[in-house]
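Engineer: Going left to right, the sequence shown walks through residues -21 to -1, 1 to 671 as mature numbering (1 follows the signal peptide of the UniProt record, and there is no 0) numbers them.
There could be a bad hint or two in this list.
Stated by the list, open to error - Ranges of calculated distance between the beta carbons of each label pair, as one might list FRET restraints:
#: 1; residue 1: Asp646; residue 2: Phe535; range: 32 to 38 Å
#: 2; residue 1: Ile249; residue 2: Thr515; range: 40 to 46 Å
#: 3; residue 1: Pro17; residue 2: Ala299; range: 38 to 44 Å
Stated by the list, open to error - Mimicking SDA-like on lysine to any residue, the simulated pairs with C-alpha atoms at most 25 Å apart in a straight line are:
#: 4; residue 1: Lys625; residue 2: Pro564
#: 5; residue 1: Lys657; residue 2: Thr351
#: 6; residue 1: Lys338; residue 2: Lys422
#: 7; residue 1: Lys390; residue 2: Asn216
#: 8; residue 1: Lys126; residue 2: Asn20
#: 9; residue 1: Lys342; residue 2: Asn594
#: 10; residue 1: Lys126; residue 2: Lys338
#: 11; residue 1: Lys338; residue 2: Asn455
#: 12; residue 1: Lys625; residue 2: Glu598
#: 13; residue 1: Lys271; residue 2: Gly305
#: 14; residue 1: Lys475; residue 2: Ala512
#: 15; residue 1: Lys657; residue 2: Val624
#: 16; residue 1: Lys338; residue 2: Leu298
#: 17; residue 1: Lys338; residue 2: Pro439
#: 18; residue 1: Lys625; residue 2: Arg392
#: 19; residue 1: Lys422; residue 2: Val67
#: 20; residue 1: Lys248; residue 2: Ala143
#: 21; residue 1: Lys75; residue 2: Lys126
#: 22; residue 1: Lys126; residue 2: Gly165
#: 23; residue 1: Lys475; residue 2: Ser391
#: 24; residue 1: Lys248; residue 2: Gly305
#: 25; residue 1: Lys277; residue 2: Lys248
#: 26; residue 1: Lys422; residue 2: Ala512
#: 27; residue 1: Lys277; residue 2: Pro439
#: 28; residue 1: Lys342; residue 2: Val252
Calculated directly from the structure, the hints in this document are not laboratory data.
Glycine residues also receive a C-beta, built at the ideal position from the N, C-alpha and C atoms.
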Amino acid sequence: MRKNLLATVGLALLCMPQAFAQQAPCPPVGIVTDPSGPATNPGGVPNSFNWYFGDYQPTLYNGRRYTLNAPVIGQPYIELPWQQPLNVNMERFQGKNDVPADGWELVRRDLGFDDNGNPANTRNPTVLLYNRFTGVLRVFVACGDVKAAHQLAEVKLTFSTAGAHKSATLNRVYSLGTALEDLPPGENVEFVAVSRYLSDAGKWFVADFPMDYDPCVCLFDSRLRVEVNLISEADVNLTGVSQGTIATAGGGSSSTKGDFDKGIPIMRKITGVLSAGGKSYESIDKFTGKLKRDNPGKAGAVDNLGNDLKAPGFLQQGLAALPYLGAAVSMLDYLLTGGKADPAPAMSLQPMTIEMTTKITGKITAPTLYVTVPFHNPGNRLASTLPENVPYYNEGMGVLSILTRPVLDVKSRLYTGPNRELISERTSRLTQDIKYVINPAAKLDVQDFKVALVVEGSSPIGAGGDYTYYEGVVSNPGGPDTYAFRTEYVDAACIKNTIFSLQSSSRNLDPANDFVVKGNYLKIMVNLRPRNASPTQQNVLLVARYPVAGRQVTGFAALPTAACGVLPQASAAEVGAVCNGSRYPAAAVLTRPSAVAASPASAPASAPQVDIFPNPAHEMLRLQVTTAAAGPVEAELRNALGQLVKNLNAWQEVRPGFYQQEVSTLDLPNGVYFAVCKTAEHSATKKVLVVH
């Protein structure tokens, strides 16, 4: 059951010394790249290039062609990507130009001319755009030299080692949200998209990459690099699994199959191995069709979402006006969509999502480097020796940042039910406001901010209490699938008023049905209104799931009732405390590939934290393991002589956060025991007494 509490909020503001002249959070400077704006770029070069209406004989071709200076292509023009015929990569965009009214800005372009119109030959025409409403970086690169032996193009986005640092901009490469303070140290991950390569000079290929907002981006020298590699289908070993659907590319087939034809899959690559990331769906209909197929019980809610996403004024009446929304997005770890100025004439919305139920694994071997496009991470305003690498839209990308991992207080107890069954009850509460900021350069205002608690468990049979909404199956690479349930959504500003209860019956007739908690998460749903919007302009919907840190407590303190409404954003001092604290600056140092193996000074992963309750244990104990990073965990129970008495799990793959396991102690003699938890690098031990 839920209980109202009285709450007292204490807020500590920490002022840290600035290492650079820039301040955190990094202020926007008001850049506009729309050349009809007029374009403005304080401290930089204003953009004069019209990316959405071509300058090659514009009256004759109605703005459908750019003037081009690329001798290798052999013609003085190239079609705008959205207007190029006979290109399977561009079918999703046909006639639907990315225009400023929908939030699009120009990051970089190379069509063989400099800003003054002087010839500067190019081999691969390039146009990079960014949508400040939906946080999507869109990469268009065209074929220059024809390489007939290849059929696919691997488009990668990563941090360039020309800069000394990285940022949280690419944190969305992980399926779950990552708090700013939890920026993974050193690791240079790669976003990877696979596009069809057409052996025809001047044909475009495309990739969409979701960006995360980093309010510290101006403090450090981070740079990005788009790399295009050409590959043959025989070199692709890629398998996607989504609710039983297998999709592969390779074996000489002429096209990818399964879910890959519904949009552009965005994968994560670490040391050559691919895993699930997200997808930019080709259309709303293909997006909702996929969700309905995988979750037929939620078809009505999904249909409602699909219809509303096509309508003007989406979400203007607030989240409460769309009661189906929680069910419709329940299968997603991430969704950012909306913002169309007028969706009626030509709907060009491609939802960017990360689904809980999708696995992608495999490798791409023998790639041939085709072209690289270096540029400064937008928002990095440190001096550049290569002005051409400074983006026109030099504002930080991404929409929202969660500064610190939310902390969930958990109180647990075991008791015997009326039928002699053992009942496990966990009550949970967030005791502090969620510290978040919206990118001021996005020009979005928060209209609603709602949150729900999500629990993952080992059984598809729901547990009792407040976690009554079934989210779906969660794919866990390297481990068994889990099942997610959530509470109802409540205003983020007053979630502290509520204690949420989770109850499950243990040691019932079928122990396999016990709901063992594997993880706790916070799911947010934010409704954002573009500033100075037209009456038909859609709002922007952001949905994301974040891990929470668990803290075992014996009781909940009384707090005054918090007022509901829109949760205020974190203060500048709170942002500065993270940007200039001990963790973020250290994690932002970019590890070079050669340094990964050679540097013994790399920061070691922290040891797992082990908690046991109740302690002393009578009939059963619950083991809770908290880890800072994903990876394999082994747990075992040993007696006072060091002898193994129970192997609790054998190197189970877990996510960051904490997971729990219940262990019967009825078969153990009274005495002292030790729970030993091991990760790949560390071990931790906790003493427990067994008393019957």
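Engineer: Each hint: holds or not?
Structural biologist: How the hints compare with the structure:
1. Our hint of 32 to 38 Å for Asp646 and Phe535 holds, since their Cβ atoms are close to 34 Å apart.
2. Between Ile249 and Thr515 the CB atoms are about 43 Å apart, so this pair conforms to the stated range of 40 to 46 Å.
3. Taking 38 to 44 Å as the suggested C-beta distance range, the pair Pro17 and Ala299 conforms, at roughly 40 Å.
4. Proximity of Lys625 to Pro564 is assessed by CA-CA distance (about 42 Å); at most 25 Å being required, the pair is judged violated.
5. The straight-line distance between the Cα atoms of Lys657 and Thr351 is roughly 42 Å, outside the 25 Å bound, and the hint therefore fails.
6. In summary, the hint linking Lys338 to Lys422 is not supported, as the alpha carbons are separated by about 34 Å, beyond the 25 Å threshold.
7. For the proposed pair Lys390 and Asn216, the alpha carbon gap of about 46 Å is over 25 Å, so the pair is violated.
8. With a C-alpha separation of about 39 Å, the suggested pair Lys126 and Asn20 falls outside the 25 Å cut-off, and the hint is violated.
9. The straight-line distance between the Cα atoms of Lys342 and Asn594 is roughly 47 Å, outside the 25 Å bound, and the hint therefore fails.
10. Taken as a hint, the Lys126 and Lys338 pair is broken in the structure, with Cα atoms around 31 Å apart against an allowance of 25 Å.
11. Between Lys338 and Asn455, the direct Cα distance comes to roughly 8 Å. Compliance with the 25 Å bound is thereby established for this hinted pair.
12. Between Lys625 and Glu598 the alpha-carbon distance is near 15 Å, which keeps this suggested pair within the 25 Å criterion.
13. Under the criterion of a C-alpha separation no larger than 25 Å, the hint pairing Lys271 with Gly305 is consistent with the structure, at around 14 Å.
14. Between Lys475 and Ala512, the direct Cα distance comes to roughly 33 Å. Violation of the 25 Å bound is thereby established for this hinted pair.
15. For the proposed pair Lys657 and Val624, the alpha carbon gap of about 16 Å is at most 25 Å, so the pair holds.
16. For the hint linking Lys338 to Leu298, the alpha-carbon distance of about 30 Å lies beyond 25 Å, and the restraint is violated.
17. Distance restraint check for Lys338 and Pro439: the Cα-Cα separation of roughly 19 Å lies within the 25 Å cut-off, and the hinted pair is therefore satisfied.
18. Distance check on the hinted pair: Lys625 and Arg392 sit about 22 Å apart at the alpha-carbon level, within 25 Å; holds.
19. Of the supplied pair hints, the one linking Lys422 and Val67 is violated, its CA atoms being roughly 34 Å apart against a limit of 25 Å.
20. Between Lys248 and Ala143 the alpha-carbon distance is near 21 Å, which keeps this suggested pair within the 25 Å criterion.
21. Annotation: proposed proximity of Lys75 to Lys126 is violated, straight-line Cα distance about 29 Å (limit 25 Å).
22. Restraint check for Lys126 and Gly165: the C-alpha separation of about 35 Å exceeds 25 Å, so the hint is violated.
23. Of the pairs offered as hints, the one joining Lys475 and Ser391 holds, with about 18 Å between alpha carbons and a cut-off of 25 Å not exceeded.
24. The straight-line distance between the Cα atoms of Lys248 and Gly305 is roughly 31 Å, outside the 25 Å bound, and the hint therefore fails.
25. Taking the CA atoms of Lys277 and Lys248, the gap is about 32 Å. The hint is violated against a cut of 25 Å.
26. Restraint check for Lys422 and Ala512: the C-alpha separation of about 10 Å stays at or below 25 Å, so the hint holds.
27. Distance restraint check for Lys277 and Pro439: the Cα-Cα separation of roughly 16 Å lies within the 25 Å cut-off, and the hinted pair is therefore satisfied.
28. Of the pairs offered as hints, the one joining Lys342 and Val252 holds, with about 5 Å between alpha carbons and a cut-off of 25 Å not exceeded.
In the structure shown, a violation is registered for the earlier hints numbered 4, 5, 6, 7, 8, 9, 10, 14, 16, 19, 21, 22, 24 and 25, in ascending order.
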